[in-house]
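Below, each chain spelled out in residue letters.
2 protein chains.
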Amino acid sequence: MKYELYYWPSIQGRGEYVRLALEEAEADYVDVARERGVSAMTRMMEEDTTPPFAPPFLKAGKLVIAQVANILAYFGPRHGLAPKADASRIWVHQLQLTITDFVVEVHDSHHPIASSLYYEDQKPEAKKRTRDFWDERVPKYLGYFEGLLGKSGDSWVTGRRLSYVDLSLFQIVEGLRYAFPKRMKAFERDIPKLCDLRDRVAARPRIAAYLASERRIPFNEDGIFRHYKELDG
Amino acid sequence: MKYELYYWPSIQGRGEYVRLALEEAEADYVDVARERGVSAMTRMMEEDTTPPFAPPFLKAGKLVIAQVANILAYFGPRHGLAPKADASRIWVHQLQLTITDFVVEVHDSHHPIASSLYYEDQKPEAKKRTRDFWDERVPKYLGYFEGLLGKSGDSWVTGRRLSYVDLSLFQIVEGLRYAFPKRMKAFERDIPKLCDLRDRVAARPRIAAYLASERRIPFNEDGIFRHYKELDG
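As they're listed, the protein sequences go chains R and H.
When you line the first sequence up against the working numbering, it's residues 1 to 233, in that order.
When you line the second sequence up against the working numbering, it's residues 1 to 233, in that order.
Be aware that one or more of the hints could be misleading.
With the Cβ distance kept under 7 Å, some of the chain H side facing chain R (calculated, not the full set) [said to hold, decoys possible]:
{"hint": "1", "residue": "V38"}
{"hint": "2", "residue": "E46"}
{"hint": "3", "residue": "T50"}
{"hint": "4", "residue": "F53"}
{"hint": "5", "residue": "I65"}
{"hint": "6", "residue": "A66"}
{"hint": "7", "residue": "Q67"}
{"hint": "8", "residue": "S88"}
{"hint": "9", "residue": "I90"}
{"hint": "10", "residue": "W91"}
{"hint": "11", "residue": "L97"}
{"hint": "12", "residue": "T98"}
{"hint": "13", "residue": "P112"}
{"hint": "14", "residue": "A114"}
{"hint": "15", "residue": "R129"}
{"hint": "16", "residue": "D132"}
Straight-line Cα separation of at most 27 Å, BS3-like style, residue types lysine-lysine; simulated pairs [what the hints assert, rightly or not]:
{"hint": "17", "chain 1": "H", "residue 1": "K123", "chain 2": "R", "residue 2": "K140"}
{"hint": "18", "chain 1": "R", "residue 1": "K151", "chain 2": "H", "residue 2": "K62"}
{"hint": "19", "chain 1": "R", "residue 1": "K59", "chain 2": "H", "residue 2": "K84"}
Simulated coverage check for chain R against chain H, where a stretch passes if three residues somewhere in it have a Cβ under 8 Å from a Cβ of chain H [said to hold, decoys possible]:
{"hint": "20", "segment": "63 to 72"}
{"hint": "21", "segment": "84 to 96"}
{"hint": "22", "segment": "123 to 134"}
Simulated from the structure, these hints should not be mistaken for lab results.
Since this is a predicted model, take the numbers as computed values, not measurements.
Every residue, glycine too, gets a C-beta built ideally from N, C-alpha and C.
Make a model of the complete structure from these sequences and hints.
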């Protein structure tokens, strides 16, 4: 099946978690807005009888699936990126939903007041929120995943096989390194297993090829992970 | 099967979306922390090999399932609160995930800087965020669901049968009425179908019985929906 991914063409954003899965699975896909323009995406959002609330969404045959975790829950088991047994599928999905929650908090570290305002219009608030983000939230979320890696003794978070959750955790570590290089450097000593997982994901042949390709949009200050020097401690 | 719901005993919070589903399904369940104390909940979070990141979580036989939308995706099709066919299940789950996103934004309207701080320590920021919440976010989210109700022509958001999404939308309308009575009163003329859906959910015999019972915790200022007069326009 040829998949169609719909997401903003100029940022990694939430689309990146889906792109990483498509790439690792060597799936046949089009990144629609990048190849055919944003209007191809907005049209889909208006016409469909099950309209997505927001990008990203994936067209798979007649299905149009939105919400990153929902897309991955559909795509994963069909492409060896998630187990097929009920209990394991639910567990992997649960972890992805926890990552989803964290991604909102990453975004709100630079946009605590409103997505509709510029960062420049909420700088003092962003500074306060970022302080709490690093004091409380990053240790809580990443500590949780580090703990799971310690618990299982397996190579990957949910077992002996890589799942889409591992790909998403790669993106989390990568994104935090980009957005907060100083803070992250100091913090990494607390999450050695996650850093090692990040390296092992990056070294997988298909991921390495993707990262080196033009298909991967560089990090920038329109995405979820943004580098603002004054927020980096 | 006897279910065990684990959630904070003194608030509706995120647990309420699960409680409403359990009640409408007339499921056999224990609200563990309310009946046996919070320590019964925290113990579960430490011991389990698939530990939840946070409450609520549901014990169903050997399964321990966290994340509201994940719990409902498991529970719904087993109790007539969601369709069983793949495409429909994915759609209903997608809508619940959109509600999940909205619930974060409801919470952050009074806590835009940090969950770890008191509301009193972030009042000016809460005022700013609440303004954007009502100018941009409420119309966007509730307008989306109102539009779906208009589109389908069916009684319920996802078709002719009630799903857990309808129960959650009842809670959203109910919660916004509690937290922002003035603002909501003015806004309700834009969402007549959602208000009608709210009434029809409230009138269902099992939901009506639940709402009148002591099992339902009243809204209060420790939950997600909080009434602070100064934020109500």
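Do the hints match the structure? See the list:
Given hint, V38/H at the interface with chain R, is violated; its Cβ is 18 Å from that chain's nearest Cβ, farther than 7 Å. Interface hint at E46/H: violated, since its Cβ lies 11 Å from the closest Cβ of chain R, which is beyond the 7 Å cut-off. Among the interface hints, the one on T50/H holds; its C-beta lies about 5 Å from the nearest C-beta in chain R, closer than the 7 Å criterion. Annotation: interface hint on F53/H holds; nearest CB of chain R at approximately 5 Å, less than 7 Å.
The restraint placing I65/H at the interface with chain R holds, with a minimum CB-CB distance near 6 Å, inside the 7 Å limit. The beta carbon of A66/H comes within 5 Å of a beta carbon in chain R, closer than 7 Å, and the hint placing it at the interface holds. Look at Q67/H: its Cβ gets to within about 4 Å of chain R, closer than 7 Å, so that hint holds up. Hint status for S88/H relative to chain R: violated, with the closest Cβ pair at about 9 Å, above 7 Å.
The beta carbon of I90/H is positioned within 7 Å of a beta carbon in chain R (closest approach about 6 Å), and the interface hint is therefore held. With 7 Å as the threshold, the beta carbon of W91/H comes within range of chain R, its nearest partner Cβ sitting at about 5 Å, so the hint holds. The interface hint given for L97/H holds, since its Cβ lies 4 Å from the closest Cβ of chain R, which is under the 7 Å cut-off. The restraint placing T98/H at the interface with chain R holds, with a minimum CB-CB distance near 5 Å, inside the 7 Å limit.
Given the 7 Å rule on beta carbons, the hint for P112/H holds: about 5 Å separates it from the nearest Cβ of chain R. With a least beta-carbon distance of about 4 Å to chain R, the hint placing A114/H at the interface is held under the 7 Å criterion. Look at R129/H: its Cβ gets to within about 5 Å of chain R, closer than 7 Å, so that hint holds up. The criterion of a C-beta within 7 Å of any C-beta in chain R is met by D132/H, whose closest approach is roughly 4 Å, and the hint holds.
Proposed proximity of K123/H and K140/R is supported: the alpha carbons are some 25 Å apart, at most 27 Å. Distance check on the hinted pair: K151/R and K62/H sit about 19 Å apart at the alpha-carbon level, within 27 Å; holds. Only pairs whose Cα atoms come within 27 Å are accepted, and K59/R paired with K84/H is accepted, the gap being roughly 21 Å. Beta-carbon proximity to chain H at under 8 Å applies to 6 residues in the segment 63 to 72 of chain R; the threshold of 3 is reached and the given coverage holds.
Counting residues of the segment 84 to 96 of chain R whose beta carbon lies closer than 8 Å to any beta carbon of chain H gives 5, which meets the minimum of three for the stated coverage. Counting residues of the segment 123 to 134 of chain R whose beta carbon lies closer than 8 Å to any beta carbon of chain H gives 4, which meets the minimum of three for the stated coverage.
When held up to the earlier numbered hints, the structure conflicts with 1, 2, 8 and fits the remainder.
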